[in-house]
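Enquirer: Sequence:
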Amino acid sequence: IAAELQDTLLPIPQLPPSSRWDLFVQRKSAREVGGDYVDACIGPRGELYLVIIDVMGKGVGAAFLAAMLRTALHIHVKFSEDLHSLIVSLNATLCEQLGDLTMFATCAIACIESDLKSMHVVNAGHCPVLLMDSADKLISMDPSGPPIGLFKDAAYTVDSLALHGGEKLLMVTDGLYEWPFEQGIWGWEALLKFLNPGYFDQPKRLWDDLQKRIRLGHEGADPSDDQTLLAWRIH
Numbered sequence: 001i002a003a004e005l006q007d008t009l010l011p012i013p014q015l016p017p018s019s020r021w022d023l024f025v026q027r028k029s030a031r032e033v034g035g036d037y038v039d040a041c042i043g044p045r046g047e048l049y050l051v052i053i054d055v056m057g058k059g060v061g062a063a064f065l066a067a068m069l070r071t072a073l074h075i076h077v078k079f080s081e082d083l084h085s086l087i088v089s090l091n092a093t094l095c096e097q098l099g100d101l102t103m104f105a106t107c108a109i110a111c112i113e114s115d116l117k118s119m120h121v122v123n124a125g126h127c128p129v130l131l132m133d134s135a136d137k138l139i140s141m142d143p144s145g146p147p148i149g150l151f152k153d154a155a156y157t158v159d160s161l162a163l164h165g166g167e168k169l170l171m172v173t174d175g176l177y178e179w180p181f182e183q184g185i186w187g188w189e190a191l192l193k194f195l196n197p198g199y200f201d202q203p204k205r206l207w208d209d210l211q212k213r214i215r216l217g218h219e220g221a222d223p224s225d226d227q228t229l230l231a232w233r234i235h
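In this text, residue positions in the sequence shown follow this note's numbering: the first is 1, and each later residue adds one.
Rather than coming from a laboratory, the hints here were simulated on the basis of the structure. Bear in mind the structure is a predicted one, so any value in this text is a computation, not a measurement. Keep in mind that the hints are not guaranteed to be accurate.
Computed spacing ranges between beta-carbons, pair by pair [said to hold, decoys possible]:
#, residue 1, residue 2, range
1, L15, D209, 17 to 27 angstroms
2, D201, T102, 21 to 31 angstroms
3, E4, Q97, 19 to 29 angstroms
4, S118, C41, 12 to 22 angstroms
5, D201, F151, 36 to 46 angstroms
6, H218, G166, 29 to 39 angstroms
7, K212, F79, 16 to 26 angstroms
8, E4, A155, 32 to 42 angstroms
Even glycine gets a Cβ: it sits at the ideal position worked out from N, Cα and C.
Take the sequences, apply the hints, and build the full model.
Expert: Right under this line is the structure:
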């Protein structure tokens with residue numbers, strides 16, 4: 001039921017196939033519906049937006065807040081001049097909607113220009129966005145501002161990178177690395193060690209192998225947090 005509700009409120013993005021790039025998106029809902037939201041959409045200038053959001057908490061409230069953010073995103077993408085104005089608008093919208101409620105969402109957005117020559121990334125309190133270049137060098141784009149929904153006047157910095165072809169992008173939520181492991185938590189550093197360049201070319205294999213690891217950590221029980229992965233690469 002949780003998965004059905006989440007898929008209804010927050011459908012997995014479906015874009016027309018491209019001859020220039022590949023997109024892989026996978027999400028697994030936990031026992032209780034949560035607030036993981038992943039999206040991909042085309043902007044008015046032909047730019048591609050890749051979005052991953054994790055709303056604090058679980059339950060229907062988190063899912064509905066994520067659904068509200070989905071609506072806000074699709075509206076603001078049409079009217080925002082650039083990625084910076086987009087994240088500022090999303091933060092303002094969420095702050096206004098929440099009022100005095102203590103909720104927030106971590107958010108990472110990548111904007112790829114239509115000519116595939118440049119990428120812009122903003123990270124609002126989310127785990128790092130990973131980019132593997134054509135020489136298999138891993139670039140980590142860390143948070144450049146707080147989660148959205150906390151501070152109306154929050155400041156965000158956008159990272160811009162030149163693309164030369166062959167780059168691969170990876171975005172995840174914490175359900176893929178914050179799970180029980182040897183009396184502790186597996187963690188982000190363990191995920192980085194787990195990754196190898198081949199996984200960036202085969203995101204389905206990465207997803208399947210991570211699922212095997214997570215099942216071992218939970219000893220067969222259903223995970224307690226949503227798990228979401230978005231992978232994108234230039235041909």
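Enquirer: Each of the hints needs a verdict: does it hold here or not?
Expert: Cross-check of the supplied hints:
{"no.": "1", "hint": "L15 - D209: 17 to 27 angstroms", "verdict": "holds (25 angstroms)"}
{"no.": "2", "hint": "D201 - T102: 21 to 31 angstroms", "verdict": "violated (41 angstroms)"}
{"no.": "3", "hint": "E4 - Q97: 19 to 29 angstroms", "verdict": "holds (25 angstroms)"}
{"no.": "4", "hint": "S118 - C41: 12 to 22 angstroms", "verdict": "holds (18 angstroms)"}
{"no.": "5", "hint": "D201 - F151: 36 to 46 angstroms", "verdict": "holds (39 angstroms)"}
{"no.": "6", "hint": "H218 - G166: 29 to 39 angstroms", "verdict": "holds (36 angstroms)"}
{"no.": "7", "hint": "K212 - F79: 16 to 26 angstroms", "verdict": "violated (43 angstroms)"}
{"no.": "8", "hint": "E4 - A155: 32 to 42 angstroms", "verdict": "holds (39 angstroms)"}
The structure shown violates the earlier hints numbered 2, 7.
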